[in-house]
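A.B. asks: Start from the sequences, fold in the hints, and give me the full structure.
Chains as they are written, first to last, in our numbering: chain A, 3 to 99; chain B, 57 to 332; chain C, 12 to 446.
Simulated from the structure, these hints should not be mistaken for lab results. Check before you lean on any hint, since a few could be wrong.
Claimed, not checked - Computed, partial: chain A to chain B, Cβ under 8 Å:
1) Glu19
2) Arg86
3) Val95
The C-beta atom is built at its ideal place from N, Cα and C for all residues, glycine as well.
Listed here are the chains, written in short residue letters.
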Amino acid sequence: MSALSQVGFEDRMATVEFRVAPDAHIVVDGDQCRGCTTRECVTACPAHLFVPTADGGILFNYEECFECGTCYMVCNRAGAISWRYPEGGCGVVFRRG
Amino acid sequence: MPTVAAAVKWVDRRPEVDPLTGAVTTDARTSGMSEADRAAVEWALRLGERWSWETLVVTAGPPIAESVLRDSLAAGVDRAVRVDCRADLPSPRVAAALAPALSAVDVVVCGDWSLDRGSGSVPAFLAADLGAAQALGVVAIEPAGPAIVDAERRLDGGRRERLRVTAPAVISVEGASARLRRASLSGVRAAQRAPLTTMAGPENGDHGGGALRRGPLRPRPKVLPPPDPSLPPRDRILALTGSLVERTPPQRWALEPSQAAERIIDQLRAWGVGAQ
Amino acid sequence: MSPQTFDAVVVGAGPAGSAAALEIARAGRSVALIERGPFPGAKNMFGGVVYGRILDTLVPGWWEQAPVQRWVTRRATMVMTPTQALTIDYRTDSWSRPPYNGATVYRADFDPWLAGLAQDAGAELICSTTVTGLIREASGRVRGVRTDRPDGEITAQVVLACDGVNSFLAKEAGLYPHADPGHFTLGVKEVLALPREEIDTRFGLSGLEGADFEIMGCTGDIPGGGFLYTNLDTLSVGVVLRLTGLTKSGRRPEEVIAGMKSHPVIAPLVAGAELKEYSGHLIPEGGYDAMPQLSGDGILVAGDAAALTLAAGIWLEGVNFAIGSGAAAGATAADALAKGDTGPAALSAYRRRLEGNFVLADHRKLRRAPDFILSERVQHRYPAMVCGLVEDLYTVTNPQPKPGGLRAARRQMRKAGVTLWDLARDGWTAWRTFG
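C.D. replies: Structure below.
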């Protein structure tokens, strides 16, 4: 496939509507992440919400979340990622699905 | 009892636009109120509570637009009216459609502009139709007395303008000025069954005619006359590119708002805009 | 303010929840159907095919009203290595007319349709409302749910947790004690737009005929599989990845899709298509042995929440099990309400109901399938071996004499690292699983 047809990640995420909730439904305990070497959430999250920071922590976004639950499932440290559903009516809206 | 109303529009919050043709695809499932309209409903509720006034929500649109009325009722608005008309009327006609439903209303709050290529002119037309005072593009509303509000507007350079408006008035608010309260469960259930009033549109049967241009937005092309063919090639190229032509450099003025407005009008006249 | 009261409350207006609410409403009971999305289906995605047989009894003549993209008339199973592909390609006219077999749909169309049927039957659909927890008596009996709305409590005789793969309700009720990431896969999908005629040409279809490609060996070192389905004017292309393998691989999900799309067999099918939607969702693939308890005191669990999906090689099904289990849960709840007893004994009839129909019968029969399908040999060695063997047989080696099937097989087994013992053992497992 030609390079032209490759879609950048931002454009990829821009195909989906996210109604951002006032409160974050993902909370990451940065202290636990600093000691984590495996960083499962960084590669597995399909929306790429988790990014390692230079000081060894994890920077996370909740705004463009598919609400799939992969992050807390793959996390190997109990309690590092707290995850619940966002406020009703907020969050991802798939038009096709 | 006096009434404060929110006038809101049913619109697709995230239409798909074909990048090649400009064709717009909308979807009822992702349609509803814009953030600005939601803020308008919240302000109407707050003013209604403050003054113990009746609250009303009005929209102009087809039956499917009733979802925005039910959302407003769920949040606590007392009464809802839909003016039956097409969803894509031009602004003056939307205002004309809304006006009869709002004639007995003391204060009307609108979102500042709609998401579908809105220009923010409906509230202004509405104020004119109702003979009401207007405060447009407001970031905060503070009741200053019975039927009097202080409305704060954003100006250039980080400045603010504070307007005192007395009912009857039309106020349009920015989306970030307030967040619509979360409807209670009983409110949502009651709103699903609540009766809605439907009013006939401005011209019964005629749902807007051909006033609106259909299809994608195509800005009018600027017509450049060809250079005089009798000129030598070098001069024709210069005429086409506009090189070596004397121009007035851009000017910058620091003036008070009223003087600035006059200066702008003078300049526009000098350029021949809006003739006479 | 006093809580809202219903006979039953169904959490989640997906296929399971709507089928449950439909059954309860038809039994004349009051039922609330709570959905956290702004409309049913807004939070849901899947590969793309619904098998409608379960709807025959629930919604007679469903094919005349369901929002279908295309009817699957061509099904292909592909086994591939990075450079080879072997396809079993089947097509039949009989799937192109009632009662049909599979249909490609968009969940944002299908789920609202099903929820609408429940509404028409009398269920009360309440959207944009997230259920935050259970209301329980001191004895542990479930009495209703809390929502994130002001005055948001709903009490009911029975709660049906159809709240999806993450089912916080089943976990809160103690029915789902541990969710092992090894039992879950991540599905990621791209919806790619192509003109309808172009899809017809590329896949050899006409009218509402549709194609369904299921692909093994396209996910590199991650256990999983791929799929490609035709909608009216889009393709659904995606992969299903075992979570544990995904994290180990260090590859990102969208890269795995890109890898599959660049395969020489897939690339021409998707060339030039424009991305319309990217989505992701977890799938409970643990099968029969990884299911939660299906009922408790005042609570029933159905659909993805009960881990009722079948991902067994040639069978990739979920929505039909969701509808089947939801309808059974709804019927059980309605019976229990009629008898005035929604205690654990009365609700345990739900499991018996499922054992008696395809939902648990299929899961029990195929209980070994998930581990087998996702095993290293089935994922990597056998595709390489089979593709190599076919290549050997199809390659004309003149003037060398033909290798002979047995010799070619031995050679490819050696190359792929497969022993006779592996073949015998996996053959036996396959026989016991699928036979």
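A.B. asks: Take the hints in turn and mark each one as holding or not.
C.D. replies: Each hint, compared with the structure:
At a threshold of 8 Å, the smallest CB-CB gap from Glu19/A to chain B is about 5 Å, leaving the interface hint in force. Among the interface hints, the one on Arg86/A is violated; its C-beta lies about 16 Å from the nearest C-beta in chain B, farther than the 8 Å criterion. With 8 Å as the threshold, the beta carbon of Val95/A comes within range of chain B, its nearest partner Cβ sitting at about 6 Å, so the hint holds.
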